[in-house]
Structures are given as structure tokens and as C-alpha cells.
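Residue-level listing of the chains:
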Amino acid sequence: MELNGAQIVVQSLIDEGVEYIFGYPGGAVLHLYDAIFQQEELKHILVRHEQGATHAADGYARATGKPGVVLVTSGPGATNAITGIATAYLDSIPLVVISGQVSLPVIGSDAFQEVDMVGITRPCVKHNFLVKDVTKLAETIKKAFYVATSGRPGPVVIDIPKDITAPHIKVPYSYPDSVSIRSYNPVVTGHKGQIKKAVDLLLSAKKPIIYSGGGVVLGEASESLIEFTRTLGYPITNTLMGLGSYPATDKQFVGMLGMHGTYEANMAMHESDVIIAIGARFDDRVTGKLDLFCPNAKIIHIDIDPASISKTVRVAIPIVGDVKPVLEQMLELIKASTIKIDADALAQWWKQISEWQAINCLEFDRSSPLIKPQYVIEQLHEVTQGNAYVTSDVGQHQMWAAQYYKFNKPRRWINSGGLGTMGFGLPAAIGVKLAFPESDVACVTGEASIQMCIQELSTALQYKTPIKILNLNNRYMGMVRQWQEFSYESRYSHSYMDTIPEFVKLAEAYGHVGIRIDKPEEVRPTLEAAFAMKDRTVFIDIMTDRTENVYPMIEAGKGHHDMKLRVAIGTSTDRELA
Amino acid sequence: MMRHIISILMENESGALSRVAGLFSARGYNIESLTVAPTEDPSLSRMTLVTRGNDEIIEQITKQLNKLIDVVKLIDLADSFHIERELLMIKVKTTPEMRDEIRSMADIFRGKIIDVTPTTYIIEMTGPSEKLDAFIAAIDPESIIEAVRSGPTGISRGELGLHL
Ligand SMILES: Cc1cc2nc3c(=O)[nH]c(=O)nc-3n(C[C@H](O)[C@H](O)[C@H](O)COP(=O)(O)OP(=O)(O)OC[C@H]3O[C@@H](n4cnc5c(N)ncnc54)[C@H](O)[C@@H]3O)c2cc1C
Ligand SMILES: Cc1ncc(C[n+]2csc(CCOP(=O)(O)OP(=O)(O)O)c2C)c(N)n1
Ligand SMILES: [Mg+2]
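Sequence order for the protein chains is W and A. Sequence positions in the first sequence follow the working numbering and run 1 to 578. Sequence positions in the second sequence follow the working numbering and run 579 to 742.
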């Protein structure tokens, strides 16, 4: 079969099994758009801003585990995609981003809409390619998918000069079944000796804890993790990125750890004697001050990326490998081991943990006349029976969604953890809804974040992706305001906006349903009504208690054992912000 | 802060060098010197990079380098017995009275005079970096017009080697 470059791109994507491509046209990709026009298999989703395309593809990838695919034009199209590429990079999400480039002969001449995309994206991609030969196009695309999805996943950019996609240059086409790259061989199974050592250490622990993260979600290892954890009977905590990989309502789950984790999870980390970190990367939001981190613990660390191991925290037993086979290898050894877990010590440890749990660190004022954001999330959980896909933006609302929506399944919690990108939630929700049209998809956002990609409401209408937007409207950049309250004597420098749009009208202007509520008793019925509108996107503007803060919290420079707890329940509603 | 000499075999592709250089600047690692040239296999090039850091930093540097898709293999030569050489070409101003002295100095250090004009010499010298340092220190700084150094490159001893 002879195809031109543009047709090769489209056919390669189809042969790769790509369902959706999220994009925005422009000069450098016109040949490609013409090829897209002339077929029906590959469905193109026209966003309203290239950032939206990357986040939508990213949401699709996080929910499905399949790579998200993006198409943008050169220059401004390419630069607009950067935030989304970096977002995917920091959370290890597989994306393949195709950018148009000016034609080969004019590269480097400051041509119209020329930017050095390969140069700009180098620090925020797993790899990138500039295609200089149309006969290499199909193979390059295959390589891009292979690199993006294998090992530690990540975004890959393919920069394609316009002349490479020219209609009149046809070459033989065949899409490779597989590729190998001699310089790239991700490790899969773990080192047997290390695994044996790890199992011995684990089984002889007195105060053990399992600390697992996004790697379990990325490695599709949730079931193995559950079996592993139940077999041991040890407490387990998840990072923000790991939520859902172990059921949050299970009795062995002690909540999220880290800056806004639970008191019990952080105390257990601090007091533990053995920690097994599984697909988690000791992020600074998790460790708190490094000098104070887990002073008594011997640490085992399973990670597919050797560079994640001993990067910030030195570990005793590193295991490089894919979390699923490694957990399975460990389970086998655990079952066969002659070392008996010290049941008395473990019972004592659980007793200690239950004392920490009794503090009830996530309790909040349930009698307030104002809508408490935590209550909204609890209700969201009930109304959707815990089965929704929940995307979020960045800020206090994100933390509340993480704390109060008890995720019981992986890939349901979709947020930007590493880069913390405001504007992520809405386009991500569109990507998720396209992947799972029959499932409930909620976007928990704030009045500041939602405005960063609000234009995608238009995309949601065009492609009929009925999502429910819960705008926890506190009239503040609450997360910023909270830090200013705690650390800058309440000098609220530019953490509010004088002019917040009327979101109901805005939603209606975009063709959706808008509802505004400000009383606690309205929350439940409104959510029920919204989710009952199966074919409409509903924007619920929820006026919440603007003074509410996220608790508990590890403040900057503190350790896990030194959390700031809510002072007293029942006083916050009367609290005037200074 | 130990000195390390990292030898990298990588794909001979445009952009590979900038990935390595970019990694160092983005992560705040220092590069003391860098040399790169194609190998006997034209699809590969070999880079030798001198850096400094404590064990943790060097461990991260080698892990991060290994993560680059274009990097095929690398070794830290400082881990084993190895031989290091650097090339120096130095141009010095000469007066008729000084010429003998410079020539014998070059001889002592096994340098070669490779270019002569009525007022200048260019001396070529290879050796471990310290030897070149010593030579430069031994000649009158006023007389140096220009000194060009390649940065060290190295090879491990014995049967060990960096190849596919
Ligand atoms: C406002 C805000 C507040 C935050 N507060 C918190 C907080 O309180 N607590 C918290 O936990 N986070 C918090 N975060 C998120 C934080 O910034 C990090 O994104 C997060 O902690 C990283 O999670 P992780 O360690 O699971 O790593 P991820 O970023 O999910 O990385 C996954 C790790 O697993 C490895 N991996 C990938 N695939 C595999 C595989 N197949 N097998 C083995 N290993 C694999 C990767 O190499 C990597 O090391 C916050 C973020 C924001 C924006
Ligand atoms: C693109 C971007 N700019 C700035 C920030 C810093 N930031 C983090 S949270 C936040 C405020 C978010 O406000 P809002 O969306 O209203 O959420 P709230 O905290 O009030 O729930 C800001 C500005 C960011 N994370 N992303
Ligand atoms: Mg807000």
C-alpha cells in the first residue's frame, strides 16, 4: 500500500488502535487534517484550546490505561500544549503528542509559526522525535507508542514538518507489529535475592506499613496489592496518586499520607519500623521535612524506574521492577516462608493506630448553616455510590475530594498531583466521559481553577459528554488563602477575585444546565437531580463556607508526627476571615 | 566531592548531545568537561564527561543518564582502573632568548612543537589532566596567547570495555 505522510499518520494511529485524537488545526497540520477528514475510523475531538486537548487526552489515558493522543499545529499550537505535556510528565501518564512543524528546508530560519518543539519539550517528555524522512514515519509512531506506554510511562512528542505530510509524496506503508530500541529495555521482574531479603524483613517487622502510590495504578496492580496487603494484615496508606488502588473503605486502609493526609497515616509512617514503598516516589508533599522522615524505619522500595529509588530518601532494600510481577513474586515467598509474623506485636501496632484514628482528624462541622465542602464530597460519594470517575482541579477542593470521596477502585480519581495544574479538571472529565459514556463523571473544581480551561464547556456540548461540574465556590483561591492565613498573618495578597462570573449564566451560554445553591439542604437533591439528567452537562455552582481550611496539615519544615489539626469543631462557621 | 569520569555510548543522532547537556543543567549537576565523537560504529557516538559530586549525586546522574532513550550504555570510569588522556594545544609568545627554554620544557613534558612563527610556538601535548596543568603552571603566564584543551577522555584497563 502506498500512502502519503498525512495518510500514514492517520493509518498508523488506526493500526495502533487509537480511538480518539484530541486536537486543534493550523497551517502546519492542514495536510493531516485533510487526511482525517477523509476517513471515519479515527475520531477527532476538536477542543477550544490546545491545553484542553492535552488534558482531555490525559484524562482519557488515566481512566483507561491506554495512551492519550493529541494533534496540534506548530508554533502557538505547540506551545499551548506544553502545560498539558508537563502535567502528564510529572504524573507518568502515557501521551503521544503530534505537533506540526514548519517544512524541513525552512527549519531554523524563524519561519512563520516556528518554534523548536523538540527543544522546548525536551525537559518535560519521556522522549521526543523530529521526523525528517517520510519513510521513517510509521516506525517512529510505533516507537513513540512503545516508549510512552512501557516502563515508567510518560508523554512522547512527535514533531512532523509539514513537507513530510505532503499529499503528493507517497511511499510504501506498513505498520510494524512491534519495535525494539536497543538503548531502551525497561526492567520487569525484580531481583530474586532482593525480593527474598525484602520478604524476610517484612515478615519480621513489628510496626510495618505499606505505602503505595501511582505506580500501582499505572502498573494495573491493584488486585495484587489487595491480596498482598490482606495476606500480611498490615496497615496501608496511599499517596494522592495511589488513591483507589486499595479500597478506601477497607479496614486496613488508614487514609492518604502526606501534607493533607490523615493523622493516623502520618503517625504510623513516623513510628513504623519497616516501610514498603510500592510505586511511590517519596515526593516532598509526602515526606515533609526529610531529616525528620520516618526515623526508625527500614525501607523497602519497589519501583520500575531506578532513578526513583534513593532519590530523596535512602532505602535499605531497593527492588527495580514492575510492581505487579514483583508483588506476585513476593506473595509466593510470603506464603512459603517459615518466618511467622509476630501477631502480638501486630495487634499492639493496630491498637496504637486505632488510638490515632480515634482523633477523627477528618471530622468537620456538620451543623453549620453554610455548605461545608467536605459535606458536598461525602454527598457526591453517596449519590454516585462511590462509582463515579472524579476529576479535579487544584486547590482545597482537590484535597477535599481526595479525603472524602472514598475511592474503592483504581483509575477513578483523576487529578494533577505532580505539576498541580489548575485547568486540568474540565478537559480531563471530557476525556474520561468519552472513554466511559455510561459512567458518572464528576469534575470537582473551584471558581478560580475552572476559569483556566472554561472554554472546554463548548467542547463538552459539541461531543455530548454530559459531565457534572461541582464548583466549590469559596470566592477565594482557597489553597493560597489558607497558606497566607497560616504563614503570612492573613495578608490575602491577590488570592481572591473581585469579579467572579455568574457561572449559571455562563453554563447556559455554553448550552448547559446551570444551578446555584447556597444551603446545605440543597446539596443532596441538587446532586440527585444533576446526575439524573443523563444527557446534560450540569454546572453546579456551590457557594461554600469561604473560611474553611484543609485539615489536617503538615506545615512547611515539619515532620509527619507534627500535624496541624482542626482546632475545634463547631467554631469555624462563626469565624470571620481576618 | 569526588571527581568522576563518565563514559557514555549513545545513539549518534542529532539532539542526543543536547539531551545530555539539558539533563545536567535542568537538574543542577555540574559538567567540568565533555568530549564527544563518533565511534568505529557510525551509528554510535561516545561521550566522556567529567563531573563532581558525592556518591548520591553521582548515583542520580548515572541513573538519569541511563534513563535517556538515546543512551545505550555508560560506565563510571572512576569505579575501576582506567587510563585518561587529554589533549592540550598551547600557543606561546616567544622571544629569541626564550625559545630554548620553552623547547626544553616541552621536551621534559613530552610535548611537541607543531607550529612555529617568528614570534610564536604552538606546543601539542597529551597526558592526564594534571600533567597538562603542571605544564601550564610551569611556563610564564605572560607568554601564553591561547591554551586549548580537549577535556579528558578515558578507557578502562583490562578486558572490560564499553561496547554493545
Ligand atoms: C495541592 C496539592 C497538595 C498535595 N498534597 C499531597 C498529599 O498530602 N499527599 C500526597 O500523597 N500527595 C500530595 N500531592 C501530590 C504530590 O505532589 C505528588 O504528585 C504525589 O505525592 C506523588 O505520588 P506517588 O508517590 O504515588 O508518585 P507518582 O507520581 O504517581 O509516581 C509513580 C511512581 O511509581 C513508579 N511506577 C510507575 N509505573 C510503575 C510500575 N508499573 N511498577 C513499579 N513502579 C512504577 C514511577 O517510576 C514513580 O516513581 C499534592 C498535590 C497538590 C497539587
Ligand atoms: C496554573 C496554576 N497557577 C497557579 C497555581 C497555584 N495555585 C494552587 S491552588 C490555587 C488556588 C485555586 O483556587 P480555586 O480553584 O478556587 O480552588 P480552592 O483552593 O479555592 O478550592 C492556586 C492559584 C496552580 N496550581 N496552577
Ligand atoms: Mg476557590
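Incorrect hints may have been included.
As the list claims (entries may be wrong) - Among the chain W residues that face chain A by a calculated CB cut under 10 Å, a handful are:
| id | residue |
| --- | --- |
| 1 | K126 |
| 2 | I309 |
| 3 | V480 |
Read the hints as simulated data drawn from the structure, not as lab findings. No experiment lies behind these values; they were computed from the predicted model shown. Every residue gets a Cβ at the ideal spot worked out from N, C-alpha and C, and that includes glycine.
Hint by hint, here is what the structure shows:
Here the hint on K126 (chain W) is kept, as its CB sits about 7 Å from the closest CB of chain A, short of 10 Å. Of the supplied interface hints, the one on I309 (chain W) holds, with its beta-carbon coming within about 8 Å of a beta-carbon of chain A, less than 10 Å. Hint status for V480 (chain W) relative to chain A: violated, with the closest Cβ pair at about 27 Å, above 10 Å.
Violation of the numbered hints given earlier is confined to hint 3; every other hint is satisfied by the structure.
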